[in-house]
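Peer 1: Just so you know, the protein sequences line up as chains B and A, in that order. Using the working numbering, you'd call the opening residue of the first sequence number 1 and step up by one each time. Using the working numbering, you'd call the opening residue of the second sequence number 1001 and step up by one each time.
You may find that some hints are simply not true.
Unchecked claim - No more than 16 Å apart at the CA atoms, straight line, and that leaves these computed lysine to aspartate or glutamate pairs for EDC-like:
1) A:K1146 / A:D1128
2) A:K1146 / A:E1132
3) A:K1146 / B:D4
4) B:K104 / B:D182
5) A:K1146 / B:D3
6) A:K1146 / A:D1130
Unchecked claim - Residues from chain B that keep clear of chain A, each with C-beta distances beyond 12 Å, as calculated:
7) N2
8) A96
9) K104
10) T106
11) G114
12) R121
13) A122
14) P137
15) S184
16) Q218
17) S222
Note that these hints are calculated values from the structure, not bench results. Bear in mind that the values here come from a model prediction, so they are computed numbers and not experimental data. All C-beta atoms, glycine included, are put in the ideal place defined by N, C-alpha and C.
Chain residues, written in single-letter form:
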Amino acid sequence: MNDDQLMTAVRESFADVRSATELDRIVSRSQVVRFRRSVAGVVAAVGATTAAGVAVAVSLAMPASLPAASLPVHGPLATSHPASSSGVRLAAWTVARQTDGNIKVTFREAADAGGLQRTLRADGVPASVTFTGHQNPACQPYTSRARQAFWPFGPTTGPLSGRSSFHHAQSAFTSPYALVIDPSALPAGAGLQIWVSGTPGAADNFQLNVNLVRASPQCTGS
Amino acid sequence: MGSQSLDFAEFYRGARHECLRAVLVSVGDRDMAQELVDEAFARACASWQKVSQHPAPAAWVVRTALNENISRWRRRRREVAVPDPGKFADLPGADGTSGSAVDPRIMAALLGLPARQRQVVALRVFLDLDTERTAEVLGVSPSAVKAHLARAIGALRDDLVHIGKQESQS
Chain B
1 MNDDQLMTAV RESFADVRSA TELDRIVSRS QVVRFRRSVA GVVAAVGATT
51 AAGVAVAVSL AMPASLPAAS LPVHGPLATS HPASSSGVRL AAWTVARQTD
101 GNIKVTFREA ADAGGLQRTL RADGVPASVT FTGHQNPACQ PYTSRARQAF
151 WPFGPTTGPL SGRSSFHHAQ SAFTSPYALV IDPSALPAGA GLQIWVSGTP
201 GAADNFQLNV NLVRASPQCT GS
Chain A
1001 MGSQSLDFAE FYRGARHECL RAVLVSVGDR DMAQELVDEA FARACASWQK
1051 VSQHPAPAAW VVRTALNENI SRWRRRRREV AVPDPGKFAD LPGADGTSGS
1101 AVDPRIMAAL LGLPARQRQV VALRVFLDLD TERTAEVLGV SPSAVKAHLA
1151 RAIGALRDDL VHIGKQESQS
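Isolated chain B, as found in the complex (with noise of 0.2 Å):
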């Protein structure tokens, strides 16, 4: 056997070793990576802003304090969406919540996390927010029996889900825009951890973090 034929065996091994992944859901999937992207200069210029010393204000369309349940919708408007420029100004993020209950929270930009943060604990989550690349090292991870309860996502097995698939669930949230928070469904004694992870600037590797964790003061305010 020489060595063109010892490659084309090789080559033939292989022939029936075929992606299933349809085009459509790679399209889908590639407005989650755009959606990183964005996150990721974000907060790339937060951490820029806050190592110049200069404080970065955030202007809040609607007052934190008050829950979703009394405002259908409210958020930050977003420093540097692309629809500003177009005289358009989006929220970074919104919270409404739905005739169901539930909590949908809309993210476009990774920009005033403690506004979240109020928010859905004024909306009865307990939730810690933090867009700063790293955790709240207060938190601990829910552990639970029920397997279940190690599973947030789905509207079947857990209190979280989104418009589209997660394609890593346990630790990313990859839904373009969209988390759906079923609080009734949250185990009891747990809460949600909410932060972006990777390396401000490379936006290859930032993703938008959903756990589940223990709720406890320091963590997520009860």
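Please build the complex by placing chain A on the supplied structure of chain B, with the hints as guidance.
Peer 2: Just chain A, lined up with the frame of chain B:
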């Protein structure tokens, strides 16, 4: 759908299987390879205007998938284990009984190669890249590519001939 999207669609349909095979050779796990390739294609789609100008977009996808594999390993702070080659070698032959699409003996022989040699084989065999392009993708010299490929072929031949002898004796 604009012309740019159509271009990506055409590229995806033409390259997705080859890219999956190339990444599978490198990482050794079918599910992981599929996930990495999907992510890499999604990034290619998101940056198609730039990626389409690349001299070998399929090589860009494979390189991106392999980089993502390394990034995930770093994020998780634990090793992404390459399956034990013996696990594949012990499986039945590629007659449909193993449930694997690849002859487990060939997969075992490939997984027995050092990572760089597997990557060279993947790019040369499945993407049909020449030595210079393979060297560019991997960030090594052309002479290193030739050396890796020669060693890989030698090792594969030894393994597969050894298997052939075992079969003929049994």
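Peer 1: A separate judgement is required for each hint: does it hold in the structure or not?
Peer 2: Each hint tested on the structure:
{"no.": "1", "hint": "A:K1146 / A:D1128", "in the structure": "14 Å, holds"}
{"no.": "2", "hint": "A:K1146 / A:E1132", "in the structure": "10 Å, holds"}
{"no.": "3", "hint": "A:K1146 / B:D4", "in the structure": "14 Å, holds"}
{"no.": "4", "hint": "B:K104 / B:D182", "in the structure": "9 Å, holds"}
{"no.": "5", "hint": "A:K1146 / B:D3", "in the structure": "13 Å, holds"}
{"no.": "6", "hint": "A:K1146 / A:D1130", "in the structure": "10 Å, holds"}
{"no.": "7", "hint": "N2", "in the structure": "9 Å, violated"}
{"no.": "8", "hint": "A96", "in the structure": "27 Å, holds"}
{"no.": "9", "hint": "K104", "in the structure": "24 Å, holds"}
{"no.": "10", "hint": "T106", "in the structure": "20 Å, holds"}
{"no.": "11", "hint": "G114", "in the structure": "25 Å, holds"}
{"no.": "12", "hint": "R121", "in the structure": "28 Å, holds"}
{"no.": "13", "hint": "A122", "in the structure": "32 Å, holds"}
{"no.": "14", "hint": "P137", "in the structure": "16 Å, holds"}
{"no.": "15", "hint": "S184", "in the structure": "32 Å, holds"}
{"no.": "16", "hint": "Q218", "in the structure": "24 Å, holds"}
{"no.": "17", "hint": "S222", "in the structure": "30 Å, holds"}
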